[in-house]
Amino acid sequence: MKEKLVSLEDALAPVTSGSTIAIGGSLLRRQPNAAIRSLIRRGVTDLTVQTWAATTATDMLAAAGALRRYEGIYTGMFSYGLAPNFRRAVESGAIEVRDFSETAMVARFRAATQGLAFLPIKTLLGSDIADKNPEQIRPFSCPFTGEKLQAVAAATSDFTIVHGYVGDKYGNVQWPIVRDSDDIDQMIASAGKRVIVTVEKIIPHEEIKKRPTLTYIPGNWVEAIVEVPYGAHPVSVDAMYDEDDAHLTDYLERSRSAAGAAAYLDEYARAIPSHSAYIAKVGGLSALNRLDVQPNELNHV
Amino acid sequence: MKEKLVSLEDALAPVTSGSTIAIGGSLLRRQPNAAIRSLIRRGVTDLTVQTWAATTATDMLAAAGALRRYEGIYTGMFSYGLAPNFRRAVESGAIEVRDFSETAMVARFRAATQGLAFLPIKTLLGSDIADKNPEQIRPFSCPFTGEKLQAVAAATSDFTIVHGYVGDKYGNVQWPIVRDSDDIDQMIASAGKRVIVTVEKIIPHEEIKKRPTLTYIPGNWVEAIVEVPYGAHPVSVDAMYDEDDAHLTDYLERSRSAAGAAAYLDEYARAIPSHSAYIAKVGGLSALNRLDVQPNELNHV
Amino acid sequence: MSENKIVSAADAPGSTAPATTNELVTAVIAREIRDGDLAFVGVGTNGRAFTLAVGIPLTAVRLAQMLHAPSAAVYWGNLLEPDLSSVPADLKQDSFTRWQAAASPSDTGVKCDMLARRAFDVCFDSAAQVDRFGNLNITAIGDYRKPKVRLVGCLAQPEHFAFVPRPIVVVDLDRRVFVEKVDFITSVGHLHGGRSREEAGLQPGGPHLVVTDKAILDFEPESKLMRIRSLHPGVTLEEVLDRLSFRPVVPDSIPTTPLPTERELDLIRRVIDPNRVLLRV
Amino acid sequence: MSENKIVSAADAPGSTAPATTNELVTAVIAREIRDGDLAFVGVGTNGRAFTLAVGIPLTAVRLAQMLHAPSAAVYWGNLLEPDLSSVPADLKQDSFTRWQAAASPSDTGVKCDMLARRAFDVCFDSAAQVDRFGNLNITAIGDYRKPKVRLVGCLAQPEHFAFVPRPIVVVDLDRRVFVEKVDFITSVGHLHGGRSREEAGLQPGGPHLVVTDKAILDFEPESKLMRIRSLHPGVTLEEVLDRLSFRPVVPDSIPTTPLPTERELDLIRRVIDPNRVLLRV
Numbered sequence: 001m002k003e004k005l006v007s008l009e010d011a012l013a014p015v016t017s018g019s020t021i022a023i024g025g026s027l028l029r030r031q032p033n034a035a036i037r038s039l040i041r042r043g044v045t046d047l048t049v050q051t052w053a054a055t056t057a058t059d060m061l062a063a064a065g066a067l068r069r070y071e072g073i074y075t076g077m078f079s080y081g082l083a084p085n086f087r088r089a090v091e092s093g094a095i096e097v098r099d100f101s102e103t104a105m106v107a108r109f110r111a112a113t114q115g116l117a118f119l120p121i122k123t124l125l126g127s128d129i130a131d132k133n134p135e136q137i138r139p140f141s142c143p144f145t146g147e148k149l150q151a152v153a154a155a156t157s158d159f160t161i162v163h164g165y166v167g168d169k170y171g172n173v174q175w176p177i178v179r180d181s182d183d184i185d186q187m188i189a190s191a192g193k194r195v196i197v198t199v200e201k202i203i204p205h206e207e208i209k210k211r212p213t214l215t216y217i218p219g220n221w222v223e224a225i226v227e228v229p230y231g232a233h234p235v236s237v238d239a240m241y242d243e244d245d246a247h248l249t250d251y252l253e254r255s256r257s258a259a260g261a262a263a264y265l266d267e268y269a270r271a272i273p274s275h276s277a278y279i280a281k282v283g284g285l286s287a288l289n290r291l292d293v294q295p296n297e298l299n300h301v
Numbered sequence: 001m002k003e004k005l006v007s008l009e010d011a012l013a014p015v016t017s018g019s020t021i022a023i024g025g026s027l028l029r030r031q032p033n034a035a036i037r038s039l040i041r042r043g044v045t046d047l048t049v050q051t052w053a054a055t056t057a058t059d060m061l062a063a064a065g066a067l068r069r070y071e072g073i074y075t076g077m078f079s080y081g082l083a084p085n086f087r088r089a090v091e092s093g094a095i096e097v098r099d100f101s102e103t104a105m106v107a108r109f110r111a112a113t114q115g116l117a118f119l120p121i122k123t124l125l126g127s128d129i130a131d132k133n134p135e136q137i138r139p140f141s142c143p144f145t146g147e148k149l150q151a152v153a154a155a156t157s158d159f160t161i162v163h164g165y166v167g168d169k170y171g172n173v174q175w176p177i178v179r180d181s182d183d184i185d186q187m188i189a190s191a192g193k194r195v196i197v198t199v200e201k202i203i204p205h206e207e208i209k210k211r212p213t214l215t216y217i218p219g220n221w222v223e224a225i226v227e228v229p230y231g232a233h234p235v236s237v238d239a240m241y242d243e244d245d246a247h248l249t250d251y252l253e254r255s256r257s258a259a260g261a262a263a264y265l266d267e268y269a270r271a272i273p274s275h276s277a278y279i280a281k282v283g284g285l286s287a288l289n290r291l292d293v294q295p296n297e298l299n300h301v
Numbered sequence: 001m002s003e004n005k006i007v008s009a010a011d012a013p014g015s016t017a018p019a020t021t022n023e024l025v026t027a028v029i030a031r032e033i034r035d036g037d038l039a040f041v042g043v044g045t046n047g048r049a050f051t052l053a054v055g056i057p058l059t060a061v062r063l064a065q066m067l068h069a070p071s072a073a074v075y076w077g078n079l080l081e082p083d084l085s086s087v088p089a090d091l092k093q094d095s096f097t098r099w100q101a102a103a104s105p106s107d108t109g110v111k112c113d114m115l116a117r118r119a120f121d122v123c124f125d126s127a128a129q130v131d132r133f134g135n136l137n138i139t140a141i142g143d144y145r146k147p148k149v150r151l152v153g154c155l156a157q158p159e160h161f162a163f164v165p166r167p168i169v170v171v172d173l174d175r176r177v178f179v180e181k182v183d184f185i186t187s188v189g190h191l192h193g194g195r196s197r198e199e200a201g202l203q204p205g206g207p208h209l210v211v212t213d214k215a216i217l218d219f220e221p222e223s224k225l226m227r228i229r230s231l232h233p234g235v236t237l238e239e240v241l242d243r244l245s246f247r248p249v250v251p252d253s254i255p256t257t258p259l260p261t262e263r264e265l266d267l268i269r270r271v272i273d274p275n276r277v278l279l280r281v
Numbered sequence: 001m002s003e004n005k006i007v008s009a010a011d012a013p014g015s016t017a018p019a020t021t022n023e024l025v026t027a028v029i030a031r032e033i034r035d036g037d038l039a040f041v042g043v044g045t046n047g048r049a050f051t052l053a054v055g056i057p058l059t060a061v062r063l064a065q066m067l068h069a070p071s072a073a074v075y076w077g078n079l080l081e082p083d084l085s086s087v088p089a090d091l092k093q094d095s096f097t098r099w100q101a102a103a104s105p106s107d108t109g110v111k112c113d114m115l116a117r118r119a120f121d122v123c124f125d126s127a128a129q130v131d132r133f134g135n136l137n138i139t140a141i142g143d144y145r146k147p148k149v150r151l152v153g154c155l156a157q158p159e160h161f162a163f164v165p166r167p168i169v170v171v172d173l174d175r176r177v178f179v180e181k182v183d184f185i186t187s188v189g190h191l192h193g194g195r196s197r198e199e200a201g202l203q204p205g206g207p208h209l210v211v212t213d214k215a216i217l218d219f220e221p222e223s224k225l226m227r228i229r230s231l232h233p234g235v236t237l238e239e240v241l242d243r244l245s246f247r248p249v250v251p252d253s254i255p256t257t258p259l260p261t262e263r264e265l266d267l268i269r270r271v272i273d274p275n276r277v278l279l280r281v
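Residue numbers (our numbering), protein chains in the order written: chain A, 1 to 301; chain B, 1 to 301; chain C, 1 to 281; chain D, 1 to 281.
Just so you know, the hints here were simulated from the structure itself, not pulled from any lab data.
One thing to keep in mind: the hints can contain errors.
[Stated by the list, open to error] In silico lysine to aspartate or glutamate, EDC-like type, Cα no more than 20 Å apart, as pairs:
(1) Lys2(A) with Asp37(D)
(2) Lys146(C) with Asp292(A)
(3) Lys146(D) with Glu267(B)
(4) Lys148(B) with Glu199(D)
(5) Lys2(B) with Glu32(C)
(6) Lys2(A) with Asp83(D)
(7) Lys209(B) with Asp83(C)
(8) Lys2(B) with Asp121(C)
(9) Lys181(C) with Asp131(A)
(10) Lys209(B) with Glu199(C)
(11) Lys92(C) with Asp292(A)
(12) Lys148(C) with Asp46(A)
(13) Lys193(B) with Asp35(C)
(14) Lys193(A) with Glu199(D)
(15) Lys209(A) with Asp107(D)
(16) Lys193(B) with Glu199(C)
(17) Lys148(D) with Glu267(B)
(18) Lys148(C) with Asp292(A)
(19) Lys210(B) with Glu222(C)
(20) Lys146(C) with Asp131(A)
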């Protein structure tokens with residue numbers, strides 16, 4: 001097996017302006033925020049992103065002016081309301097948006113996973129989602145029944161960035177037995193050409209090998225793995241820590257204006273040399289530990 | 001939740017001659033043999049079966065003359081060689097065979113799962129698998145690239161029969177944490193219209209609820225659940241018991257002739273009034289317990 | 001919802017207090033739930049939007065479970081058949097992670113496939129715009145390319161209307177919400193009315209009921225125009241028409257929305273939502 | 001394999017004994033494995049078929065891992081990157097269940113998708129029939145509808161030839177196996193030769209090497225006809241031609257298959273397969 005454990009900066013170095021990136025996480029869970037802050041710090045811009053239920057990662061990229069195009073099912077802040085920076089940028093016409101429904105986006109990731117240019121759905125007949133996007137959603141007829149169907153284009157991307165629970169130095173990533181799910185991350189990773197994974201903790205390969213059915217992203221799919229404790233902060237990693245309500249509230253407060261959001265990013269991304277500096281900035285591990293949740297007796301993370 | 005715990009006979013009562021049934025299990029793991037013996041006992045015949053890597057369940061149905069049509073990826077006896085009764089019946093022209101490769105069969109089950117009449121593949125271009133089956137494998141062009149593709153028809157069936165590890169009275173079926181996988185059973189169950197599950201053990205719903213991520217067949221998909229200890233005998237349930245080498249060897253020996261196989265079925269299926277009588281016939285639980293494997297510390301079954 | 005008295009857990013109404021509007025519509029929805037139904041409930045956001053998308057639907061399904069539909073179930077977020085007798089007391093992630101359920105499929109595609117193969121019977125939808133044919137918009141107000149208000153996107157709402165036989169829209173009555181034509185069709189309801197939905201290739205279905213804080217509406221079977229089904233106690237037809245920016249079908253005689261029974265009120269208040277988490281605002 | 005001396009664990013050859021044919025071909029295959037390769041190894045059946053489908057491939061990949069391809073890996077059965085340093089000692093189910101690995105995806109579709117998106121580099125295939133263009137048959141001998149011999153079906157062999165860039169066929173040389181034209185094309189090799197494979201819509205690829213107990217064969221780049229690449233030590237051209245029911249491309253000069261090095265032999269015998277489980281028959 002090939003060792004793939006590198007620094008966050010080295011892992012993300014190939015991601016350059018103009019790239020298409022698929023971003024993992026769903027709502028306030030496992031957004032790869034440390035990786036996104038690193039891209040913002042480096043000034044990467046002109047990105048196309050593909051997401052599931054996007055929150056902080058996509059909204060910070062929008063605040064940084066780094067988003068050229070967005071394709072996904074949802075961008076908001078879940079229980080905190082709309083996504084202020086994404087909303088502002090879309091309303092200004094700065095981001096080209098292509099909306100997809102859940103079956104449509106799943107079909108797009110699955111098509112990439114299966115090496116196909118498209119997969120069929122029949123969800124979006126008559127909708128403006130299809131009407132506004134003939135480039136990626138095309139009508140065709142079922143070869144068996146003749147019924148009306150829609151072909152949705154494979155979600156191919158240059159890079160895929162996900163944040164996981166634990167992994168080994170070979171890039172094998174495992175989930176806890178009892179966790180929240182809605183797990184688009186395996187699907188996004190399987191669809192990826194170059195998959196970059198940050199994890200809360202690197203554990204010995206010997207531990208991984210004992211329970212191979214818990215590996216949801218095999219190292220074979222992974223280009224680089226990085227240990228980034230609290231890498232989803234200020235959102236949660238289910239079964240490990242909760243979202244940081246105070247930090248999220250502050251983020252949203254400051255994001256009421258573009259200038260406020262820019263100042264936030266200056267402070268928490270651009271002026272911060274590394275993820276460990278970020279941890280220090282938000283109060284150190286002792287502050288973050290307060291977000292930890294009680295371990296479940298069934299889990300082994 | 002609706003209670004779905006019934007007897008094996010009641011669960012299978014709706015399955016009548018002429019039905020199409022999807023059968024779970026792969027190779028020498030989790031073949032729903034107790035259910036199949038019950039169908040043979042009742043004289044159900046003229047069946048169409050859809051399978052993954054089929055062994056004993058399909059071979060016994062062939063021995064019983066109950067198979068009219070077969071659709072699957074493999075029928076054999078894994079490390080024991082070819083499937084003698086299936087082979088004899090196919091060579092005599094008694095069974096109509098439609099072969100599918102693995103991606104093709106997966107696409108067929110996924111299509112049924114997704115409510116679609118077909119899914120596309122590009123595996124079988126130029127093969128006789130497609131050439132011999134224009135009814136279920138049709139050429140068409142990709143709506144985006146124009147490349148040659150093949151549409152494979154959804155695997156729709158009347159009933160789906162799988163054998164699982166543990167479940168509750170509501171039909172929720174869970175797998176062990178450490179297990180063998182190759183798990184077509186979730187896919188076959190998700191594709192099914194009427195899903196009948198036999199399990200090794202019924203456990204309290206309270207236990208199921210504590211680890212919902214281990215539920216691979218939700219009760220919501222299930223019509224009937226039955227407790228059938230050693231229900232896969234003479235094959236294995238991984239993480240619970242091994243295959244019965246002596247019994248399988250005897251089965252194969254007797255299956256060298258159609259008359260021998262018929263006598264085997266008379267003895268182990270037709271003359272046996274119930275699964276508990278089968279257990280007594282093969283030596284009782286004390287004999288079967290000798291097939292048990294050591295539990296894995298990580299499992300909770 | 002101005003007249004929906006906001007009560008704290010401390011002063012939850014006794015069983016004799018009159019029903020709040022939330023309780024009224026919860027009971028109406030509960031009666032729509034049949035035994036064996038699988039209902040799709042979204043994860044919602046916060047405040048009033050949470051009550052509409054999550055609070056009222058979960059309370060209604062639980063009420064139905066306790067009264068006439070014991071095997072009704074919900075798929076909520078990532079949980080298939082979460083235990084509705086112990087709804088989490090807050091919206092923090094760990095509360096969701098620990099919520100016990102029959103199943104929590106690891107791949108979100110499982111839920112999408114269940115939608116597409118029509119495994120759901122009922123779903124609940126809120127929206128920023130609803131038009132007279134029941135089309136929904138949760139994507140953008142104004143021009144899609146440069147919208148006046150960018151909303152959240154689509155989620156699985158297009159699937160709900162495409163594949164679920166009996167979708168129930170839960171929204172407050174408001175002229176800005178109930179528009180002649182939505183700015184963007186996220187979810188295809190009865191499209192342009194008549195048979196236009198079927199002609200677009202969709203299966204029969206589409207929105208079944210529109211539950212609001214003033215009235216219950218449904219759709220006239222032929223024209224598929226929105227129709228007033230009942231007025232809540234004390235609400236006049238004029239009030240309702242005033243809060244719609246299109247003319248709905250108005251039957252000659254409109255009944256009053258039936259009040260919850262004492263038993264229903266008691267279960268909602270004392271058993272299902274004693275801390276007023278679900279029907280808070 | 002007549003001259004392949006069957007040895008028990010007790011009398012495994014010392015490092016100085018001459019290489020068996022199994023060891024010879026294992027070393028040849030090992031040299032085909034590149035660092036970083038992901039190889040698909042089937043689960044095989046028993047006896048000689050197990051050696052061809054599983055024993056030789058696993059030994060070869062492990063040998064390559066130890067010599068020049070440390071990050072080569074296999075997908076075996078349901079296990080992605082099983083630990084090849086501790087291959088199970090028997091074929092009982094529980095031995096597979098306990099075999100440690102990097103991953104064991106719960107859905108067999110994961111493996112199918114990896115095939116279809118060309119995530120594999122190498123695969124190993126045995127067959128009942130192989131024709132001069134490298135098409136394989138593992139489905140039926142004779143008429144498909146009423147065959148003389150019904151075989152196992154298809155498994156993922158069509159995928160191997162459709163999607164894996166460097167498939168390696170491992171079979172014993174036999175006139176009944178090496179036929180002019182297979183009775184049923186399970187796996188499309190070079191189809192009818194020339195550009196017929198690409199014209200059928202398949203991507204470039206198809207069988208790369210045919211490893212037998214007498215010779216190594218490959219395919220002539222233009223015609224795609226099977227070609228003799230090397231003869232095993234002591235094997236004559238006539239012996240090989242005698243065991244083919246078609247005329248392969250015969251180069252003017254045919255090298256001898258290189259013997260395993262002392263190091264290779266030592267690793268196979270002492271470290272990888274000391275109990276002769278993999279290369280038993």
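Could you check the structure against the hints above and give me the numbers of any it violates, in ascending order? Structure breaks hints 2, 3, 10, 12, 14, 16, 17, 18, 19.
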